[in-house]
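Based on these hints, arrange chain X on the given structure of chain G.
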Amino acid sequence: NAGVTQTPKFRVLKTGQSMTLLCAQDMNHEYMYWYRQDPGMGLRLIHYSVGEGTTAKGEVPDGYNVSRLKKQNFLLGLESAAPSQTSVYFCASSQGSAYNEQFFGPGTRLTVL
Amino acid sequence: DQQVKQNSPSLSVQEGRISILNCDYTNSMFDYFLWYKKYPAEGPTFLISISSIKDKNEDGRFTVFLNKSAKHLSLHIVPSQPGDSAVYFCAASDLIQGAQKLVFGQGTRLTINP
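Going line by line, the protein sequences match chains G and X. Numbering-wise (this note's numbering), the first sequence opens with residue 3 and increments by one. Numbering-wise (this note's numbering), the second sequence opens with residue 371 and increments by one.
Treat the hints loosely; a few may be bogus.
[Said to hold, decoys possible] Computed far set for chain G versus chain X, every beta-carbon distance over 10 Å: (1) Ala4; (2) Gln19; (3) Thr22; (4) Met43; (5) Arg46; (6) Val52; (7) Arg70; (8) Gly79; (9) Leu80; (10) Asn102; (11) Leu112; (12) Thr113.
[What the hints assert, rightly or not] One-sided excerpt, in silico: chain X residues whose CB lies under 7 Å from chain G: (13) Phe416; (14) Phe432; (15) Phe459; (16) Ala469.
Don't read these hints as lab results, they were simulated from the structure. Being a predicted model, the structure only gives us computed values, none of them experimental. Just so you know, even glycine gets a beta-carbon here, dropped at the ideal spot from N, CA and C.
So here's chain G without its partners, still in its complex pose (with noise of 0.2 Å):
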C-alpha cells in the first residue's frame, strides 16, 4: 500500500495563478483533510471531507476550494494564488471519526511569488 500520496511535491506559482493539489489514498478511508503547516506554527485544518461527495470548511477555508468526487481523492484548488497561501500542504486520511489515527501525505510545498 502507498498509503497517502499528494502531487505535486513541490510548486512555484505567481500571483493570481491557479492550480490543484491532488491527494490520493489507497486504504479505504471515509474521512480525509487538508492542512497548511507555517514555520512556527502547528497544522491547520483548511477542509475535510466525512465522505464521497462532501466536503467542509474547517479553521483557514478562505482563498480554497475542494473538492471529492472520489472516495480515495481529495482535491485542493488555489483559484487566485496569494503570497500568503506560501506554505507547506498536507493532506491526511482517517477510518473513522472519533479516536482514529490520522495518516499524512508527505507534504506539497507551495511558494506563491
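Frame of chain G, contents of chain X only:
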C-alpha cells in the same frame, strides 16, 4: 487564540536519558489527544494517543500523561535514542459533524545527542 500550545520550541537531551515534551490546551471539550512525530520533508506520523477518560497511556518507550484539571499533557520518551530526533506535535481532537478536527500545537524540535 491558540487552543493548543507547546511552549518549548526546542529540547536537547543526552542519548539514554529521558525526554519530556509538554503541551497545554485551553478547550475543555477536547476528549482525545495525540502526539505526532515529523522528520524533515516528510508528513507527520502518529506516535501515541490518549483518551480523556485516562491519565496515562504507554507504548514501549513512549508514555503520554494527561492531567485534565491542569489541561496539560506530556510525552515521555525513555530511553531516548538518536532516531528520536524530530519535531513532535501535540494535537487535540474536536469532533465536528462526525469528523475528527485536530488542533495542533506549534511543535517541539527534539535533538538527541550521542
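Exercise for review: Return the numbers of the hints above that this structure violates; sort them in rising order.
Suggested key: As far as the earlier hints go, 4, 5, 6, 10, 14 are violated by this structure, in ascending order.
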